[in-house]
Amino acid sequence: MTEFVVAEARAAAAPTSERLWRTWDTPPGIIGWFSAVNHRVVGLRFIVTALLFFLIGGLEALAMRTQLARPEAGLIPPELYNQIMTMHGTTMMFFFAVPVMEGLGIYFVPLMLGARDMPFPRMNALGYWIYVIAGVTLYWGFLTGQAPEAGWTAYPPLSQQEYLPGLGMDIWATAITFLEISALLAAVELVVLILKQRAPGMSVNRMPLFVWAILVMSFMIIFAMPAVMLGSVMLALDRLVDANFFDPSAGGHPLLFQHLFWFFGHPEVYIIFVPALGIVSSVLPAFVRREIVGYTALAVATVLIGFVSFGLWVHHMFTTGVPLLGAGFFAAASTIIAIPSGIQIFAWLATIWSARRIVWSTPLLFVIGFVILFTLGGITGVMVASVPLDWQVHDTYFVVAHFHYVLIGGAVFPLFAALYYWFPKVTGRMLDERLGKWNFWLMFIGFNIAFYPMHHLGFAGMPRRIYTYLPGTGWQDLNLLATIGAFLIALSAAFFLLNVVRSLRNGAVAGNNPWGAPTLEWATPSPPPPYNFAAIPSVRSRDPLWSQAELADAEPGAGDPPHPDAEPLVVELRDDRRETVGTSTLDGVPESRIVLTTPSLWPLLVALAIGLTFIGAMVTLWLVPVGAFLTFVGLAAWHWPSNRGYEL
Amino acid sequence: MSTTVIPAQALPVLLTGPKAPLWWAFVLLLGIESVVFGGLITSYFYLKQASSNWPPAGLDHPELLLPTLNTLVLIASSAAMFYGDRSIKRGSQTGLKIGQTTALVLALVFLTVKYIEYSGLPYDWSTHAYGSMVWTMSGFHAAHVMTVVLKGLVVEALVWKGYFTPQRRLGVQVNGLYWHFVVVVWIPLYFTIYWSPRLF
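Chains as they are written, first to last, in the working numbering: chain A, 1 to 648; chain B, 1001 to 1200.
Honestly, the hints are just simulated from the structure, not real lab data.
Keep in mind that a hint or two might mislead.
Said to hold, decoys possible - A few chain A positions that, by computed beta-carbon distances, are all more than 10 Å from chain B:
#	residue
1	Pro27
2	Gln67
3	Gly151
To be verified - Pairs of lysine to any residue residues, derived as SDA-like cross-links and limited to a Cα-Cα distance of at most 25 Å, are as follows:
#	chain 1	residue 1	chain 2	residue 2
4	B	Lys1048	A	Pro248
5	B	Lys1151	A	Ala628
6	B	Lys1048	A	Asp242
7	B	Lys1097	A	Trp640
8	B	Lys1114	A	Ala628
9	B	Lys1151	A	Ala637
10	B	Lys1151	A	Leu612
11	B	Lys1048	A	Pro157
12	B	Lys1048	A	Val241
13	B	Lys1097	A	His639
14	B	Lys1151	A	Pro641
15	B	Lys1019	A	Arg577
16	B	Lys1019	A	Thr598
All C-beta atoms in this analysis are idealised placements derived from N, C-alpha and C, irrespective of residue type, glycine included.
Same shape as in the complex, but just chain A (with noise of 0.2 Å):
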């Protein structure tokens, strides 16, 4: 440790927990609630925000699958299912699975990473109320009969004015724009805490992998989602001033927004997938009772796997006429994306099968789940990257059944594997255990009961995004098949809900380490202070809490084990303002004292602000000025400088 010593070791005059408190604390009330702005309030916010999304998303669906439980079923018009699926693909797409892992990034990798908060504290409170607006407006389109019905995809000619006049795909291309805000700045937020704020000793091989996987889907979301604010702008003035990207008897093309859109969706696919492989690695350990196998390769897949998933987005659009040379290429990219895949295959494989112990809980249960679903997923995708079998299978529900076992299978099990594993430090209560393993086991049976059927529906034919079919087509078993299977997850949601219920008021009372297991975020009380740790800990492995002579014997839940690697360098910090350890970027070396912001209402009056400018654009665009202005003052006053006091 001694590249770190600057002065000898003396006594740590430790700031006393209270001064700490007082400085971290967010203010009571109402306007405190406003103006919260620690990151584990803000990150806990975002992921209760997106669950809720999740359960609204999971309601469409009901409704869509209770309609094609029988054939000619009229309990659904088309134009209204339509728009329940255009919301469920939405909402699941941009309000649940990408807010959801923003937050656990937001909650969790500060912990991971031994720092008190995140970098830029206001900009997260921006980035959730805007994404609250954006969602809200959405809704309330959708609740007044205004709703988008193009799609979750919004392909033009559909999505143009001519054939769907109404608000409803203003109100789509606008929030859906105004929402990537958000994101973006969740994602610029979380590579500068990965790249500057990790715990003294940290270099880049010990970070969790889990912290490599949210640095990788961060630096996806900044090249991707630029993308597809682009495509919905241009969607936007399309509609709205009647310009003519996307109108080929004024010179525009629509394939352009396909392009626009899949440069976007396709790494969106991998912004939902990397967290979750990064849950995965970072869970497994502390059930198998041994240290990942093949962390470097582990690590290097997940940049790989950001990487080649810009190369894929055509293999959306084979069948539009793209040149067959071009086509050949994205389809041969599409195929090595499994290689990297592959390694993570093999590599957690090869964990569970040296583990020193099984501990068969709920969170190992979700992993296995997710790995036995997401290799079959993996194996459809392999399918239709190759562009015969596409030609033959797009837009049919093959593709449904593709995607929903990549994106449940690849990263729902690996959240709820995340969501048991984790709630402990949130809350400082277990899960039930025997709810838990209810609620795996009815969501895998019921997951493959509604979607293995797919595949076979998409063989026989059967069109995605229909309201409906006839009787005679040989589609009725299997999609009343599905349609049991999908009441099944409900089920087991249900089960979830009640276990979280239940374990708030009275679940066993989870201590530091419940799991015993490696990593700095289990290094503090649960729930954590508002400072999060009273000192700044330090590493010096990858596995800080964690000898390697007490690894065979601990037993998970019993106490919390020594942690003699985390202790070795105390960094001073002033207790009485927000001050955490900035470190240099690849080995971790203490440099600076990042002075971070106070609590503020600036946050949620510049999100709304922004709304003003976006949505009031739907309503007379002398209101984009006018909104933008706005944000200009509240920016301004935001930063203006005066009430902080930075003497050394």
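Start from chain A and add chain B according to the hints.
The following block gives chain B in isolation, referenced to the frame of chain A:
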């Protein structure tokens, strides 16, 4: 086990460059913006190759003289910004004031000329896809120039208050970083809009 203590005073609080989180955040913001501008240029050429008629028949090649001079004005503003940043690094408040103010004035000249240029165009965004592309590219960039002007005004106010010092100059530094980006990104846009119809 012995414990090493780094006292608070040993670590700086006023940061510049890659030590400062804000500097990194701006670099990432430039990444985001590059994707948007890159997407606009790609869209321009995508629509161009898909159209047999680009720019549409009856439309002359874009005028060159005024936009070229205007581009030079914008580049000069970047030089002024650089001079201001370098001055405060060496402790010169006067140099900072001169640099910041000159850059702001030059950016306002650029916006005025742009307004004159686009008021005279025979088409707008609703005439054809070519018009949509050109107006969006120029409009989006002009919005960025307006943003750096507004942002520059805030920095300017702090400059005249004497807020910045050689240690406390991160605000000037990242403002300059973004300013240079807005200038540099105009150059590929300029070639796309004004030269590409002549060259291919």
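When you check the alpha-carbon spacing of Lys1151 (chain B) and Ala628 (chain A), does it fall within 25 Å? holds, 13 Å
Is it true that the CA of Lys1048 (chain B) sits at most 25 Å from the CA of Pro248 (chain A)? It holds: about 12 Å lies between the C-alpha atoms, which stays within 25 Å.
Given the hinted pair Lys1151 (chain B) and Pro641 (chain A), is their alpha-carbon gap at most 25 Å? Cα-Cα ~14 Å, so holds.
Regarding the pair Lys1114 (chain B) and Ala628 (chain A), is the alpha-carbon distance no greater than 25 Å? holds, 20 Å
Would you mind confirming whether the straight-line C-alpha gap from Lys1019 (chain B) to Arg577 (chain A) stays at or under 25 Å? Holds, because 20 Å separates the two Cα atoms, which is no more than 25 Å.
Compute the least Cβ-Cβ separation between Gly151 (chain A) and chain B, then decide whether it is above 10 Å. Per Cβ check, Gly151 (chain A) is outside 10 Å of chain B; nearest 22 Å; holds.
Using Cβ atoms and 10 Å as the threshold, tell me whether Pro27 (chain A) really stays out of contact range of chain B. holds, 24 Å
Lys1048 (chain B) paired with Val241 (chain A) [C-alpha distance capped at 25 Å]: Measuring from Cα to Cα gives roughly 22 Å; hence the hint holds.
Between the alpha carbons of Lys1151 (chain B) and Ala637 (chain A), is the straight-line distance 25 Å or under? holds, 12 Å
Under the criterion that the straight-line Cα-Cα distance not exceed 25 Å, is the pair Lys1151 (chain B), Leu612 (chain A) satisfied? holds, 20 Å
Hey, is Gln67 (chain A) genuinely clear of chain B, shortest beta carbon separation above 10 Å? Answer for Gln67 (chain A): holds, closest chain B Cβ roughly 38 Å.
Mind checking the alpha carbons of Lys1048 (chain B) and Pro157 (chain A) for me, to see if they're no more than 25 Å apart? holds, 19 Å
Of the numbered hints given earlier, the model fails none.
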